[in-house]
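Q: One-letter residues, chain by chain:
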Amino acid sequence: MNAYYKNKIAIVTGSASGIGREMCRHLSDLGSTIIAADIDKNNVDKIVQEINDKGGNAHSYHIDISDYDAFSNMVDFVLKKYQRIDFLFNNAGVTLFSEVLDMSLDHWDKIIKVNLLGVINGIDLVYKIMTQQGSGSIVNVASTAGLVGYPSAAAYASSKSAVLGLSQSLRIEAEEFGVNINVACPGYVDTGIYTSGTVINAKLDDFINKIPFKMISAACAAEEILKGTYKNKALIIFPFHAKFLWFVHRFFPFLIEIPMKKVMQQFRNSRKLFLEK
Amino acid sequence: MSRYSGKIAFITGAGSGIGESLAMTLAKQGAKVIVTGKRDENINQVADNIKSAGGAAIAAKLDVTDFEGFQEIIKRTVSEEGSIDYLFNNAGITLLGEVRDMDIGHWKKLIDVNLMGVVHGVSAVYPVMVKQGYGHIVNVSSLAALGGYPTATAYVATKSAVIGLSTSLRFEAKYYGVNVSVVCPSYVNTRIFKSGVILRADLDKILKTINFPFINSADAAKSILKGVEKNKGLIIFPFYARLVWWAFRLHPNFLRPNLVKLIKDFRKIRK
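Going down the list, the sequences are from chains A and B.
Just so we're aligned: the first sequence equals residues 1 to 277 in the numbering used here.
Just so we're aligned: the second sequence equals residues 1 to 271 in the numbering used here.
Don't take each hint at face value.
As the list claims (entries may be wrong) - FRET-style restraints, in silico, Cβ to Cβ:
1. A:L79 - B:P257: 28 to 38 Å
2. A:N73 - B:V260: 27 to 37 Å
3. A:I258 - B:K75: 51 to 61 Å
4. B:K268 - A:G134: 13 to 23 Å
5. B:Q29 - A:E276: 39 to 49 Å
6. A:D106 - B:R256: 33 to 43 Å
7. B:K208 - A:R84: 35 to 45 Å
8. A:K227 - B:N44: 57 to 67 Å
9. B:E41 - A:Y82: 50 to 60 Å
10. B:W246 - A:K243: 18 to 28 Å
Read the hints as simulated data drawn from the structure, not as lab findings.
These numbers come from a predicted model, not from an experiment.
Beta carbons are placed, not taken as given, at the ideal position from N, Cα and C, and that holds for glycine.
Chain A on its own, in the form it takes in the complex (with noise of 0.2 Å):
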């Protein structure tokens, strides 16, 4: 794996923190140049600073992903500077957690724009170019949600379920040109999407920390996404409660009511203090 991704050119969107900070570190060290994208521009020149302290080679780039116009000045950035894109890693994602009843269009509007339409732009400026050099592989981050939904985020798991979806069918086509395609479909990861996300009319940590799951790091997430890219992998799932859950819901769909429902009524019981006080 390690010479996988010696002198490539990787775009991480949603590198200024948790997954997407882990993987710019992990492939710097393993000889990538990085550029690091992210709205919030303190912490990605944070982390671009690092790793060029530590003798990589980084850019940072302050954008929000759901603007085509600034996706596709970072993408001939790139290009001008380095002729070619070898890994685009569509990582950058919110959360919501909200009943559906209390969502405003204004809420399905942003997840949509962020989680869907930030890959859709990066995909429609990268693969092209993937595609006419032959080369390359496009990884974006969905979510287990993704695979077998989330009541009370449904939004967000309709967003990576598109994800999924678009992910599976892009595959097939690009495999004649060299491009790989890969989707990661974490389970819970330790990270700030939660504390950064939207949470409506109740308590998040009322119930994210009620989950029967232990979350894992983001660094390893980070390792798991890239030895799934490694390995050309069409579904990267892990940790094991995401295999998990994604097998119950396969083979005894029946059965997955039993953590939806808790998730549910979790979520549930925060609304109701919160709606209380």
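Add chain B to chain A, keeping to what the hints say.
A: What follows is chain B alone, placed relative to chain A:
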């Protein structure tokens, strides 16, 4: 007395195809159908056909990408009819072509109709049904979304989104007495391909490469309602489609050869 007698069924994309068949079938069974669609001639024709057969129908012009318009019609329906028992988020469009031939506008168009159209319906109607304490939302997705479909990537993206939305909402809605189902048909003989976008290929040549049988929209409507009556979360038809779904579940690679054949056949006829 049918279970649909006196019930109010709101259908999007009811001017033709599956929507039209749903409207006709439900009206025959005593439901009052709100026939909505983009084209006046079509929805008026469907409503007239229903009324001449002795059924009850109202035609209402609706572009599902217009949320305010959607809300208005729902408000009017609730005030005039008292309730909404069924919402069929059926309106949808296709795009056939390779991603390398698409531009961002293509993606956005599909998201607008196939995903946001459904979001608009849910946002406008779900609160009404929660207030009522009953109701059934039926979202039309596609078998293609269950395992992928090269040459229809954007379509699959939006239809997959509908599945994720429906699956999640189903668990939320049960508490309020509202049911949610998602429909995954295989090939249905409707105008959806003719009126859709096709990039760098001829439709008739594409259709020649499809080895699976098309069912007609009347049978599709029947299958949908069968699933709705059983309150199934996932309604897949026809029978071979269920086999395809099993294959995808057993191992995602089982149907790889079929998917690869799809893109290979398309590339032979791509202009």
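Q: Each hint: holds or not?
A: Okay, the hints, checked on the actual structure:
A beta carbon spacing of about 36 Å between L79 of chain A and P257 of chain B agrees with the range 28 to 38 Å that was offered as a hint. A C-beta distance of roughly 36 Å is found between N73 of chain A and V260 of chain B, which places it inside the suggested range of 27 to 37 Å. Checking the proposed 51 to 61 Å range against I258 of chain A and K75 of chain B shows it is violated: the Cβ atoms sit about 38 Å from each other. One distance hint, 13 to 23 Å for the beta-carbon pair K268 of chain B and G134 of chain A, holds here, with the actual separation near 21 Å.
Checking the proposed 39 to 49 Å range against Q29 of chain B and E276 of chain A shows it holds: the Cβ atoms sit about 44 Å from each other. For the pair D106 of chain A and R256 of chain B, the beta carbons lie near 40 Å from each other, so the given range of 33 to 43 Å is met. In this structure, K208 of chain B and R84 of chain A meet the distance hint of 35 to 45 Å, their C-beta atoms being roughly 39 Å apart. At about 59 Å, the beta-carbon gap between K227 of chain A and N44 of chain B stays in the expected band of 57 to 67 Å.
Between E41 of chain B and Y82 of chain A the beta carbons are some 55 Å apart, a value that agrees with the proposed interval 50 to 60 Å. Checked against the given bound of 18 to 28 Å, the beta carbons of W246 of chain B and K243 of chain A, roughly 20 Å apart, stay inside it.
Hint violations for this structure: number 3 only, all remaining hints satisfied.
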